[in-house]
Each structure stands twice: as structure tokens, then as C-alpha cells.
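Please build the complete structure, drawing on both the sequences and the hints.
Spelled out from the first residue to the last, the chains are:
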Amino acid sequence: MNELKKRIKYNKFLSSIFLIIGLLSTLVGLFLLTVLFVDLFIDGYPRLTYKFLTSFPSRIPEKAGILSAWVGSFLILFVTALAAIPIGVAAGIYLEEYGRKNWITNIIEINIANLAGVPSIVYGLLALGLFVYFFKFGESILTGGLTLALLILPMVIMATRESIRAIPNSIREASYALGATKWQTVQWHIFPYSLGGILTGIIIGLSRAIGETAPIITVGALTFIAFLPSPPITSDFPFLSFKWLFDPFTAMPIQMFNWVSRPQKEFQVNAAAAGIILMIMTLIMNGLAIYIRYRFRKKIKW
Amino acid sequence: MVRDSIKAEVKNLNFFYGNVQALKNINLDILEKRVTALIGPSGCGKTTFLRCFNRMHDLYPHNRYEGSIILKPDDIDIISPNIDPIEVRMRISMVFQKPNPFPKTIFENVAYGLRVRGISNKKVLAEVVEKSLRGAALWDEVKDRLDKPAFDLSGGQQQRLCIARALATNPEILLFDEPTSALDPIATSKIEELIVELKNNVTIIIVTHNMQQAARVSEYTAFMYLGEIIEYGKTEKIFTAPSEKLTEEYITGRFG
Ligand SMILES: Nc1ncnc2c1ncn2[C@@H]1O[C@H](COP(=O)(O)OP(=O)(O)O)[C@@H](O)[C@H]1O
Ligand SMILES: [Mg+2]
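From first to last, the protein sequence lines are chains X and U. Everything in the first sequence is counted per numbering that gives the first Met the number 0, starting at 0 for the first residue and increasing by one. Everything in the second sequence is counted per numbering that gives the first Met the number 0, starting at 0 for the first residue and increasing by one.
FYI, nobody ran anything at the bench for these hints, they're computed from the structure. The model shown is predicted, which means the values in this text are computed figures rather than measured ones. Think of the CB as a built atom: it goes at the ideal place given N, C-alpha and C, for glycine as much as any other residue. Please note: incorrect hints may appear among the correct ones.
Said to hold, decoys possible - Some residues of chain U that are not near chain X, with every Cβ distance over 12 Å (derived):
#1 Leu12
#2 Leu58
#3 Tyr64
#4 Val94
#5 Gly112
#6 Lys121
#7 Ala125
#8 Ser153
#9 Ser188
#10 Asn200
#11 Glu247
What the hints assert, rightly or not - Each computed SDA-like pair below joins lysine to any residue, with the alpha-carbon atoms no more than 25 Å apart:
#12 X/Lys181 with U/Leu124
#13 U/Lys147 with X/Lys100
#14 U/Lys147 with X/Ser169
#15 U/Lys103 with X/Lys135
#16 X/Lys181 with U/Lys23
#17 U/Lys97 with U/Gly154
#18 U/Lys32 with U/Glu248
#19 U/Lys97 with U/Pro84
#20 X/Lys100 with U/Gly154
#21 X/Lys181 with U/Ser41
#22 U/Lys147 with X/Ile170
#23 X/Lys135 with X/Pro85
#24 U/Lys103 with X/Trp187
#25 U/Lys103 with X/Arg296
#26 U/Lys147 with X/Lys135
#27 U/Lys142 with X/Lys100
#28 U/Lys147 with U/Gly117
#29 U/Lys147 with X/Gln186
#30 X/Lys298 with U/Arg144
#31 U/Lys97 with X/Lys135
#32 U/Lys23 with U/Ser41
#33 X/Lys298 with U/Val201
#34 X/Lys300 with U/Pro102
#35 X/Lys300 with U/Ser41
#36 U/Lys103 with X/Arg171
#37 X/Lys298 with U/Pro148
Following this line, the structure appears as C-alpha cells:
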């Protein structure tokens with residue numbers, strides 16, 4: 000009897016040791032993150048003004064702002080989304096619903112999973128060869144957007160496939176049993192039911208893209224731009240212009256990188272302020288992803 | 000006495016999952032507007048046989064049919080590669096083992112078969128949805144909440160919704176694969192009553208491993224064992240005076 004009690008006590012002791020280790024690890028992570036954020040905030044706070052958002056970069060730190068940077072980031076992300084979403088979603092649906100399972104699709108599957116882990120600068124090199132030298136898109140917004148699209152394409156494809164896989168097969172069978180074609184089944188069931196997961200994947204992909212620096216430096220993002228791209232809407236017929244696609248660009252992380260590498264102390268403040276804005280953008284996107292996931296989970300439960 | 004007319008003739012049917020033969024030389028006639036029950040121990044091929052009738056096996060690779068199933072009155076062979084499985088599924092509906100409504104409204108679940116056929120006229124849809132829900136004895140329970148999610152219904156109601164969904168397209172044959180195995184006894188008896196009701200209008204084939212159920216709802220019963228039909232005949236005869244020893248052993252509960 001005593002043996003048993005001793006044993007239980009010992010087991011409980013082991014159990015509580017792990018509890019403490021786990022708790023400490025969690026706290027360390029949380030603590031570091033908080034310190035990082037607070038530090039950034041204290042550093043950058045003095046420059047967080049409306050003018051900071053509406054000014055071009057400048058040699059005088061107090062006058063410098065992130066107008067060209069955030070507009071650039073926004074436009075690049077727009078191109079990225081436009082390119083990566085349709086291609087990624089279509090590819091994901093094809094692989095899950097249309098592609099027969101054989102060794103070819105297996106190889107494709109393994110490759111896509113691996114692509115998601117390729118260092119982003121490698122995508123930059125690939126894009127430099129493909130978009131800048133081969134297609135001659137120049138060191139432009141179009142090139143930057145397509146580069147990041149390549150980067151997040153595997154993420155979009157995988158998110159699409161995973162959320163399609165969560166749909167029970169009985170739903171497909173119910174649809175086919177009523178005489179539906181494959182496309183009707185995809186259009187009315189597979190796509191709408193997996194949309195929540197797809198959107199979440201897309202937003203997380205985009206929020207990764209917005210912070211990427213290496214690949215867009217590789218394809219020639221400029222570090223100092225004191226003008227905005229040409230406006231997409233014009234006063235003459237046909238009122239739409241795509242000239243902006245071919246304009247040079249900069250982006251938020253590039254601007255930060257530029258400021259951080261300056262010797263003057265004041266530029267470090269600018270960098271911190273830009274960092275805060277970038278972080279807020281990312282947090283908003285991730286929050287949106289969580290919200291969408293929550294909404295769709297509530298609507299569809301298998 | 001009027002002789003029963005034949006709705007489908009199964010001739011020398013073999014079925015293969017890849018190299019595995021799951022059905023062996025099956026021959027039987029399905030009679031029009033009658034309930035035919037398929038019974039037999041688990042794994043004997045009941046589901047496999049049933050799913051030949053609406054070409055469900057075509058959805059997966061490496062499945063192969065041999066022989067023919069001739070559908071009357073137009074004498075088409077529904078398992079022939081020349082016949083489009085979609086045409087077959089439009090004429091022969093199926094209700095599955097586990098209720099599988101779509102995560103849509105009650106209305107949209109029932110209307111789905113019509114939407115697939117390109118019908119979008121609101122009045123037509125509303126009429127057919129009501130008629131089908133009445134046919135599935137569900138109308139009174141859901142008429143005030145047609146726009147509510149189908150998932151809010153109980154298991155038994157969901158299964159009747161699936162029956163309504165299958166009825167909406169006026170099928171010539173209705174296939175049931177153990178439709179009550181996931182339901183409680185009250186929901187089960189409702190579905191059984193419904194099946195007896197439905198056979199006035201439609202030919203029914205039902206898989207069940209519940210022998211009382213087969214006895215209660217069917218006029219004809221086929222006993223299957225290891226992919227073969229051991230005995231096929233009037234339900235009364237199968238249950239009271241089977242001619243095969245294996246059948247007798249099964250219905251008296253000595254195996255299975
Ligand atoms: N998709 C499949 N691939 C290979 N074998 C299968 C498949 N489905 C069923 N089988 C086999 O076919 C036989 C008949 O199965 P099934 O028709 O489901 O039996 P029942 O419905 O009578 O329980 C079983 O031996 C089963 O293991
Ligand atoms: Mg079965």
C-alpha cells in the first residue's frame with residue numbers, strides 16, 4: 000500500500016515538473032515578444048504622425064515619411080493577390096478533385112510541400128531571371144507582385160487542398176448521386192464549403208508577403224523613391240491605366256532596411272516607426288484571417 | 000392476379016475493386032413498384048451491388064463492371080460504358096447509410112436535384128420542394144423553417160430530408176443503403192412506414208442487415224453471401240421456408 004502511494008507521489012512530481020517547464024517556456028516566448036514590441040513602440044512613437052504617412056523619404060530624417068513605401072506595398076500586394084489567388088485556388092481544386100491519384104500527382108504534391116520551405120531569396124533569383132530578363136517586365140511593381148505571388152503560391156495551393164480535404168466524401172457522393180457533374184459539385188459544394196480555409200490561407204500568405212524583403216530587393220526594388228506610381232485612373236478614355244504596373248517601386252520592409260542601415264540616429268527612429276506600421280498591418284491581416292475562420296467554422300460543422 | 004412487371008434485369012453481373020472480385024455472377028429481376036431487400040452478413044457485397052445501380056463505382060479509379068443491368072422500359076444497359084453515369088443517376092436516386100444533407104438550407108437541399116437539371120424557376124422549385132417533403136413525411140415538421148440550415152434537424156429528420164432530396168427528381172428507382180442504421184428506433188419506424196408508402200410510386204431496393212426490417216418493408220428478398228446471391232424470392236418464402244441451407248442458417252441467426 001505504501002509502495003503504491005509513493006509511486007503516485009513520484010508520478011505526480013514528474014508531472015508537475017513538466018508543468019513548470021512548459022509554463023516557463025511559454026512565458027519566455029511571450030515576454031520576449033512583448034519586450035520586442037514595447038521597445039519598437041518606444042523607439043518609433045515620436046515619429047508616428049499623420050505626416051509620416053503622407054511624406055516621401057528624404058535626406059532629412061524629420062521630414063522623411065513612408066508614403067511611397069506603403070503605396071508600393073499596397074500595389075505589390077494587389078498584384079500578388081490577383082496572380083496568386085486564382086492560380087493557387089484553381090491548382091488546389093484541380094489536384095484534389097480532378098487529378099487522379101498516381102505517382103505524377105504524388106511528385107507534384109511533394110514538390111509543392113517542399114516549395115513552401117524554399118528560402119525566399121531563391122524565389123527572388125528565379126523571378127529576376129523569369130520576369131526581369133525573360134519577360135522584360137523591368138524592375139517594376141508587376142515584377143515585385145509576381146515575385147511574391149510565386150512565393151505564396153504553394154501556401155495558397157496547400158491551404159486550398161487542406162480545406163477541400165476536410166469536406167467529407169459523403170457530401171461529394173450526395174451531389175454526384177443526384178446527377179451533378181464534377182463542375183457542378185465543385186461550384187456548389189467543394190468551393191463554397193472550403194472557402195473559409197482558402198481565405199484564411201490566402202490572408203496568411205499575403206501577410207507573409209507584405210514583410211518579405213529579400214526577394215523584392217533581388218528583383219530590383221529601389222530604396223529611395225520620391226514619387227508615386229502613375230495613377231490607375233485617368234481623365235481620358237478608357238479611364239484606366241496600367242502604366243503603374245511598370246513603374247519602379249519600393250515597399251515597407253525595403254524602406255525600413257534602408258533607414259536601419261543609415262548611420263544617423265534619427266533614421267533609426269523612422270525605421271522603428273515604419274516597423275510599427277508594418278506590424279500593425281500584419282496583425283490586422285492575421286486578425287482578419289482568424290475572424291474569417293471563426294465565422295466559417297460556425298456556419299459549417301461536419 | 001396481375002403479374003408484376005420487371006423494372007431492371009441484372010444479368011451475369013460481376014464487379015471488381017481492382018483485382019478483388021466483390022460480386023460474382025449475379026442474376027436477378029427487380030420488380031416494378033415493389034420493395035426488394037438485400038440481406039446478408041457484413042462484407043458480403045450488398046453495398047457494392049446497390050451502388051452498381053447508380054454507377055457510384057465510376058467515381059473511383061480501378062473499379063470494373065462485367066455483365067449488364069437492363070433498365071426497363073427502354074432497355075438500356077445502365078452499367079455499359081456507352082451510357083453516361085450522369086444519365087443513370089438522374090433516373091435512379093440513392094439514400095445513403097448516414098444522413099448526408101448539404102450544409103445549406105432545408106429548401107436548397109431538396110431543390111438541389113432540380114438545380115442540377117437547370118431548373119431555377121422559383122414557383123416550380125417551391126412546388127416540387129413541398130411535394131417532395133410531403134412525400135418524405137417531413138413537410139409538417141419543417142414547413143415554417145425551410146430557410147434554416149439542414150444541420151439543425153435531428154438525425155431522423157435529416158434522413159427523411161435526404162429521402163425528399165432523392166424524391167424531388169422523380170426517380171424510377173430509389174436505392175437505400177441501410178438507411179436506418181444510424182437512427183434510433185422511433186426514427187427507424189418512421190422511415191420504414193415511409194418506405195412502405197413510397198413503393199406505390201417508385202421501385203425500391205433496400206440494403207439492410209436488420210432482418211426484421213427486411214421482413215416488414217419488402218416483398219422480395221435476396222440473400223447474399225460472399226459476393227453471390229444465394230437465394231432470391233418472395234420475402235415470406237425466404238423467411239419462412241428458405242430452400243437453401245445457408246439462408247436458413249443466416250435468418251435463424253446461426254451466423255452473420
Ligand atoms: N473500395 C473498396 N475497395 C476494395 N474492396 C472493397 C471496397 N469496398 C468494399 N470492398 C470489399 O468488398 C466486399 C463487399 O463490401 P460491401 O459491399 O461494402 O459489403 P456490405 O455492404 O455487404 O457490408 C468486402 O469484402 C469489402 O472489403
Ligand atoms: Mg454496406
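Checked hints:
For U/Leu12, the shortest C-beta to C-beta distance to chain X comes to about 20 Å, beyond the 12 Å cut-off, and the non-interface label holds. For U/Leu58, the shortest C-beta to C-beta distance to chain X comes to about 6 Å, within the 12 Å cut-off, and the non-interface label is violated. No beta-carbon of chain X is positioned within 12 Å of the beta-carbon of U/Tyr64; the least distance is around 17 Å. Listed as outside the interface, U/Val94 is inconsistent with that label: its C-beta sits roughly 9 Å from the nearest C-beta of chain X, within the 12 Å cut-off.
Taking the minimum C-beta to C-beta distance to chain X, about 4 Å, the non-interface status of U/Gly112 is violated against the 12 Å cut. Every C-beta of chain X lies more than 12 Å from that of U/Lys121, the closest at about 18 Å, which supports listing it as non-interface. Every CB of chain X is more than 12 Å from the CB of U/Ala125 (nearest about 18 Å), matching its label as outside the interface. Every CB of chain X is more than 12 Å from the CB of U/Ser153 (nearest about 15 Å), matching its label as outside the interface.
The claim that U/Ser188 lies off the interface holds: its Cβ sits roughly 24 Å from the closest Cβ of chain X, which is beyond the 12 Å cut-off. Every CB of chain X lies more than 12 Å from the CB of U/Asn200, the least distance being 18 Å, so the non-interface label holds. Listed as outside the interface, U/Glu247 is consistent with that label: its C-beta sits roughly 35 Å from the nearest C-beta of chain X, beyond the 12 Å cut-off. Between X/Lys181 and U/Leu124 the CA atoms are separated by roughly 23 Å; this keeps the pair inside 25 Å, and the hint holds.
Restraint check for U/Lys147 and X/Lys100: not satisfied, since their Cα atoms lie roughly 37 Å apart, outside the 25 Å limit. With a C-alpha separation of about 21 Å, the suggested pair U/Lys147 and X/Ser169 falls inside the 25 Å cut-off, and the hint holds. Our distance criterion of 25 Å between C-alpha atoms is broken by U/Lys103 and X/Lys135, whose separation comes to about 48 Å. Between the alpha carbons of X/Lys181 and U/Lys23 the distance comes to roughly 31 Å, so the proposed pair goes past 25 Å and is violated.
Taken as a hint, the U/Lys97 and U/Gly154 pair is honoured in the structure, with Cα atoms around 9 Å apart against an allowance of 25 Å. At roughly 30 Å between alpha-carbon atoms, U/Lys32 and U/Glu248 are farther apart than 25 Å, so this suggested pair is violated. Proximity of U/Lys97 to U/Pro84 is assessed by CA-CA distance (about 23 Å); at most 25 Å being required, the pair is judged to hold. A C-alpha spacing of about 34 Å is found between X/Lys100 and U/Gly154, which places the hinted pair above 25 Å, so the restraint is violated.
The suggested pairing of X/Lys181 with U/Ser41 is violated, with an alpha-carbon distance near 31 Å, which exceeds 25 Å. Simply put, U/Lys147 and X/Ile170 have alpha-carbon atoms about 19 Å apart, close enough for the 25 Å limit, and the pair holds. A C-alpha spacing of about 23 Å is found between X/Lys135 and X/Pro85, which places the hinted pair at or below 25 Å, so the restraint holds. Of the supplied pair hints, the one linking U/Lys103 and X/Trp187 holds, its CA atoms being roughly 10 Å apart against a limit of 25 Å.
Only pairs whose Cα atoms come within 25 Å are accepted, and U/Lys103 paired with X/Arg296 is accepted, the gap being roughly 14 Å. Distance hint between U/Lys147 and X/Lys135 is unfulfilled; the C-alpha atoms sit about 54 Å from each other, more than 25 Å. The straight-line distance between the Cα atoms of U/Lys142 and X/Lys100 is roughly 44 Å, outside the 25 Å bound, and the hint therefore fails. Distance hint between U/Lys147 and U/Gly117 is fulfilled; the C-alpha atoms sit about 23 Å from each other, no more than 25 Å.
Of the supplied pair hints, the one linking U/Lys147 and X/Gln186 holds, its CA atoms being roughly 21 Å apart against a limit of 25 Å. A C-alpha spacing of about 17 Å is found between X/Lys298 and U/Arg144, which places the hinted pair at or below 25 Å, so the restraint holds. A hinted pair counts as satisfied when its Cα atoms are at most 25 Å apart, and U/Lys97 with X/Lys135 does not qualify at roughly 57 Å. For the hint pairing U/Lys23 with U/Ser41, the CA-to-CA distance comes to about 16 Å; that is within 25 Å, so the pair holds.
About 35 Å separates the Cα atoms of X/Lys298 and U/Val201, which puts this hinted pair outside 25 Å; it is violated. Taken as a hint, the X/Lys300 and U/Pro102 pair is honoured in the structure, with Cα atoms around 8 Å apart against an allowance of 25 Å. The suggested pairing of X/Lys300 with U/Ser41 is violated, with an alpha-carbon distance near 30 Å, which exceeds 25 Å. Distance check on the hinted pair: U/Lys103 and X/Arg171 sit about 14 Å apart at the alpha-carbon level, within 25 Å; holds.
Between X/Lys298 and U/Pro148 the CA atoms are separated by roughly 9 Å; this keeps the pair inside 25 Å, and the hint holds.
Consistency note: the structure conflicts with the earlier hints numbered 2, 4, 5, 13, 15, 16, 18, 20, 21, 26, 27, 31, 33, 35.
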